[in-house]
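Single-letter residue listing:
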Amino acid sequence: MGITYEISVPSSRKEEMIDITGQIRELVKRSGIRDGICVVHAMHTTAGILVNENYDPSLKEDMLDFLSGISKGKWRHDLEDNNASAHLKSLIVGQSQSIPIKSGNLMLGTWQGICIAEFDGPKLRKVSVSIV
Amino acid sequence: MGITYEISVPSSRKEEMIDITGQIRELVKRSGIRDGICVVHAMHTTAGILVNENYDPSLKEDMLDFLSGISKGKWRHDLEDNNASAHLKSLIVGQSQSIPIKSGNLMLGTWQGICIAEFDGPKLRKVSVSIV
Amino acid sequence: MGITYEISVPSSRKEEMIDITGQIRELVKRSGIRDGICVVHAMHTTAGILVNENYDPSLKEDMLDFLSGISKGKWRHDLEDNNASAHLKSLIVGQSQSIPIKSGNLMLGTWQGICIAEFDGPKLRKVSVSIV
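Respectively, the protein sequence lines represent chains A, B and C.
The numbering used here applies: residue 14 is where the first sequence begins, and numbers increase by one.
The numbering used here applies: residue 14 is where the second sequence begins, and numbers increase by one.
The numbering used here applies: residue 14 is where the third sequence begins, and numbers increase by one.
What the hints contain is simulated information worked out from the structure, not anything from laboratory work.
One or more hints might be untrue.
Any copy will do: because identical chains look the same in the list, a pair fits if it lies in one copy or spans two.
Simulated crosslink set (EDC-like; lysine to aspartate or glutamate; CA at most 16 Å straight-line) [what the hints assert, rightly or not]:
hint: 1; residue 1: K87; residue 2: E39
hint: 2; residue 1: K87; residue 2: E74
hint: 3; residue 1: K136; residue 2: E39
hint: 4; residue 1: K115; residue 2: E19
hint: 5; residue 1: K136; residue 2: D48
hint: 6; residue 1: K115; residue 2: D69
hint: 7; residue 1: K42; residue 2: D78
hint: 8; residue 1: K139; residue 2: D32
hint: 9; residue 1: K27; residue 2: E74
hint: 10; residue 1: K139; residue 2: E19
hint: 11; residue 1: K136; residue 2: D69
If we strip away everything but chain A, and leave its shape as in the complex, we get (with noise of 0.2 Å):
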């Protein structure tokens, strides 16, 4: 009744909004399941998935903008690992994103897509993607 897939989604920069809508259809199709839920998670503390405007280029580098300028500030967890700010990005994003399907299609408005934000490349990441 469900099935769970993973994908490996490599980014190429340091920070970077990757549209996978066209691999989570596929998945979708290739599930055959008609009525239910498309769970999308990257298994990542600082990388996220989002859904908003695949549109427009310039709105990605607004979003990463805006992300990085709340973001900014002294954090404890630099003096280990001098990603916080991705960690705090990836906390506001949200790891996972679910999407109703409705005869085999995902039900995303016209102008909406899939992304996976990365905030500390360049990386291999791993998306799962479960349809029930």
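Fit chains B and C to the supplied structure of chain A, relying on the hints for placement.
Just chains B and C now, with coordinates in the frame of chain A:
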């Protein structure tokens, strides 16, 4: 085993939090599902879904003011479409919420309600609701 | 096909991040569900559920400081009940997290843990956990 609905919610102001708890409870009842999950997803990129207190109306004003305060700035996307801060607010709030169902009831706490947050209204908004 | 549990988690301070990963793994095992989704939902409006690093304890302090910094302000709701910033923090963090399950295991990354974030304690908090 699962059923997906779509509801329309009109907003009447530029920014607004509209309680839809009653409509979601009605869909859970109609689905006949006793134990499971309800996913509520706003099919837009300048609106969000949140679960928070629905008792003191002034808290909704505080939330809108808070989001306006932190998303202020000069954004590239405003040159394309003058609503960058609405996208940023929806990034913070998130497009969906998932709520457990037990014995046919949404497992919300005493003070919890489900709202659609409008950040670029007035508009007619679509919400997809999946119950599995 | 699905089962919903409720657990109680006591907090002992005003603000705190309490790791509940072990308890959630136990419920997934008890459910007997091999492939699916686990939704963890805080039944409160001044607490949240997050997935982040559970290794360096100073990161939890950074997250609490970060949330306190951005939610500072004069809020209307403080006249009614002096905890507006706790509501705003819970708005940012979110009330629930959804995690895929594969072969009976939560698909969390190496560094990921599930925490309940207390913003207005000490209190006894209820968490609903649905596994489908």
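Status of the hints after comparison with the structure:
1. K87 / E39: neither (42 Å within a copy, 37 Å between copies)
2. K87 / E74: Close across copies (12 Å), not inside one copy (23 Å); limit 16 Å.
3. K136 / E39: neither (23 Å within a copy, 31 Å between copies)
4. K115 / E19: Only across copies: K115 and E19 sit 10 Å apart there, 22 Å inside one copy, limit 16 Å.
5. K136 / D48: Result: close neither inside a copy nor across copies, 34 Å intra and 27 Å inter.
6. K115 / D69: neither (27 Å within a copy, 36 Å between copies)
7. K42 / D78: neither (35 Å within a copy, 41 Å between copies)
8. K139 / D32: Close inside one copy (14 Å), not across copies (23 Å); limit 16 Å.
9. K27 / E74: within (13 Å within a copy, 25 Å between copies)
10. K139 / E19: within (7 Å within a copy, 30 Å between copies)
11. K136 / D69: neither (25 Å within a copy, 21 Å between copies)
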